[in-house]
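For the sequence shown, the working numbering gives the first residue as 101, with consecutive numbering after it.
Calculated from the structure, these hints are not laboratory results.
The beta carbon of each residue, even a glycine, is placed where N, CA and C say it ideally should be.
Mixed in with the good hints there might be a few duds.
[What the hints assert, rightly or not] Label pairs and their computed distance ranges (CB to CB):
no.: 1; residue 1: Lys463; residue 2: His302; range: 50 to 56 Å
no.: 2; residue 1: Asp306; residue 2: Gln492; range: 44 to 50 Å
no.: 3; residue 1: Glu482; residue 2: Met359; range: 36 to 42 Å
no.: 4; residue 1: Asp202; residue 2: Leu316; range: 29 to 35 Å
no.: 5; residue 1: Glu218; residue 2: Val279; range: 16 to 22 Å
no.: 6; residue 1: Lys247; residue 2: Glu354; range: 18 to 24 Å
[What the hints assert, rightly or not] Calculated pairs, DSSO-like style, for lysine-lysine (alpha carbon to alpha carbon, straight line, at most 30 Å):
no.: 7; residue 1: Lys292; residue 2: Lys456
no.: 8; residue 1: Lys292; residue 2: Lys247
no.: 9; residue 1: Lys299; residue 2: Lys331
no.: 10; residue 1: Lys292; residue 2: Lys346
no.: 11; residue 1: Lys451; residue 2: Lys463
no.: 12; residue 1: Lys233; residue 2: Lys292
no.: 13; residue 1: Lys187; residue 2: Lys299
no.: 14; residue 1: Lys187; residue 2: Lys284
no.: 15; residue 1: Lys285; residue 2: Lys232
no.: 16; residue 1: Lys247; residue 2: Lys299
no.: 17; residue 1: Lys285; residue 2: Lys299
no.: 18; residue 1: Lys451; residue 2: Lys292
no.: 19; residue 1: Lys349; residue 2: Lys456
no.: 20; residue 1: Lys241; residue 2: Lys381
no.: 21; residue 1: Lys285; residue 2: Lys241
no.: 22; residue 1: Lys299; residue 2: Lys284
no.: 23; residue 1: Lys463; residue 2: Lys497
no.: 24; residue 1: Lys233; residue 2: Lys350
no.: 25; residue 1: Lys284; residue 2: Lys201
no.: 26; residue 1: Lys233; residue 2: Lys489
no.: 27; residue 1: Lys331; residue 2: Lys456
no.: 28; residue 1: Lys201; residue 2: Lys489
no.: 29; residue 1: Lys241; residue 2: Lys331
no.: 30; residue 1: Lys233; residue 2: Lys331
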Amino acid sequence: MALNHPPPLRLIIIALIVFIIGIVSISHHESSPSWSRLSKSFVDNRASSSSSSSFSSHSPTYHGPSSISSLSLKDSKSHAHHDTLPKVHLFIPINQRFAYKDDVFCKSIQSAIVNGWEPILFNWELIHAEHKKEKIRGLQKILSSSKYTSNFHDDDLIFMMDADVCLQLPPQVLAKRFVEEYDKKVLVAAEKNCSPNGKNTHACLDAPPAPLIEELFWLSEEPHVLDLSEKLPTHANSGTVLGRFKKMKKFYNELVEFMKDDPFTDDDDQHLFNEAVADRKVDLDFTARLFWPAGDDSANFMFMNTPQSVQDDADPGITPWELYPPLGWHTLFGHPPVGIHFAGDVKDRKKEWWNKLWWASHKRFRRIVRERMDRGQVEFVEEDGYSRKTIQEVCPKLEVWDWDLLDTRELHETEQA
């Protein structure tokens with residue numbers, strides 16, 4: 101009868117090393133077939149193919165990274181396309197009265213600056229009561245005038261966003277995602293409700309079906325009218341609009357013409373975009389890969405980060421997201437949107453979420469954030485062109501300017517303890 105001797109210790113060690121290497125290899129594989137299958141499963145091809153309009157060919161299947169490290173523009177795949185990406189021009193409509201009503205605007209500016217954006221503010225001196233419709237008139241005036249667009253190219257991207265949108269990824273990521281999947285029409289954020297249009301109007305009844313798997317949203321047979329989480333996003337949120345310069349110019353000219361005979365008397369621009377969606381003039385970002393209206397979808401929001409830290413001798417030009425900083429993720433689609441719109445019922449939640457963002461309060465990124473804020477500038481649309489101001493001139497009350505004092509105070513308290 102043969103005896104079963106225990107395996108030599110050397111064989112056990114070798115097997116253990118092979119096992120560890122295999123686990124590490126799997127965890128660092130950013131484009132595995134399983135991830136590809138999972139990401140594509142969010143889109144219901146039946147919904148997109150059933151539409152009879154050209155809109156049906158828009159199928160925003162997510163082909164994004166499986167880990168946050170692959171968002172870096174220094175990885176080989178992104179770097180190869182970096183020089184060919186269109187330039188993005190960020191326009192923010194805001195007047196002084198609303199800008200300084202609270203700290204939301206300045207926090208949005210901080211999010212833009214630290215992520216490499218160059219904000220252009222328009223309607224700053226506006227005192228007209230209809231400030232929402234003036235967003236359309238103001239941008240149309242800019243895009244139609246050579247004194248503001250002499251350096252623009254037809255293929256440049258025009259990005260209009262409200263002043264309560266938080267940007268958490270750089271313009272190159274927005275441009276790359278747009279070119280990969282959405283580059284057909286003007287793109288608008290997808291909203292779950294059809295407000296302010298009437299539910300029995302053309303704008304609401306004829307909205308295109310969302311090419312998404314309905315089971316993702318736990319739809320019931322009779323959704324409650326107030327439970328927006330049970331609805332698919334099929335309508336427009338006018339707080340974020342993106343498109344090629346040539347197409348945006350044409351689209352905003354059409355919006356202004358439509359407004360001349362617009363029967364809708366309230367000061368609201370969103371009803372115009374719902375009409376445009378129903379008429380298939382614009383596309384929707386169904387999977388919130390570019391911009392996410394969190395007002396009726398905050399239950400699907402989470403932060404993801406890492407314990408890694410920035411060393412004192414780190415390259416001052418380092419890209420923080422290579423170090424896995426905290427970012428907001430959409431749990432249903434598994435990616436961090438470029439912009440999160442804190443409108444509607446979640447405006448108060450922005451205060452809660454703000455301290456979780458890597459550029460807001462995390463000490464390991466303070467030096468990087470302060471350097472970028474010191475260098476950053478904001479442009480203003482004037483009658484004869486553009487003017488510039490530093491971030492500290494525009495937003496002198498941001499906490500970032502007091503970080504040195506706070507660090508000194510905390511150090512003193514530590515020494516006294």
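Can you confirm whether the C-alpha distance between Lys451 and Lys292 stays at or below 30 Å? holds (23 Å)
Does Lys350 sit within 30 Å of Lys233, going by the straight-line distance between their CA atoms? holds (17 Å)
Do Lys247 and Glu354 keep their Cβ atoms within the hinted range of 18 to 24 Å? holds (22 Å)
Between the alpha carbons of Lys349 and Lys456, is the straight-line distance 30 Å or under? Roughly 37 Å separates the two Cα atoms, so the pair is violated.
For the pair supplied as a hint, Lys187 and Lys299, is the alpha-carbon distance within the 30 Å limit? The given pair, whose Cα atoms are some 38 Å apart, is violated under the 30 Å limit.
Does the alpha-carbon distance linking Lys285 and Lys299 stay inside the 30 Å limit? holds (25 Å)
For the pair we were handed, Lys285 and Lys232, check the Cα-Cα distance against 30 Å. Holds: Lys285 and Lys232 sit about 23 Å apart, inside 30 Å.
Given the proposed pairing of Lys451 with Lys463, does the C-alpha separation stay at or below 30 Å? holds (18 Å)
For Asp202 and Leu316, compare the CB-CB distance with the range 29 to 35 Å and indicate the outcome. holds (34 Å)
Range hint 16 to 22 Å: satisfied by the CB atoms of Glu218 and Val279? With a Cβ separation near 19 Å, Glu218 and Val279 satisfy 16 to 22 Å, so the hint holds.
Taking 30 Å as the top limit, are the C-alpha atoms of Lys463 and Lys497 close enough? holds (19 Å)
Holds or violated: Lys292 to Lys456, with C-alpha atoms at most 30 Å apart: Since the Cα atoms of Lys292 and Lys456 sit roughly 26 Å apart, the hinted pair holds (cutoff 30 Å).
The structure does not agree with the numbered hints 3, 8, 13, 16, 19, 25 and 29 stated previously, though it agrees with the rest.
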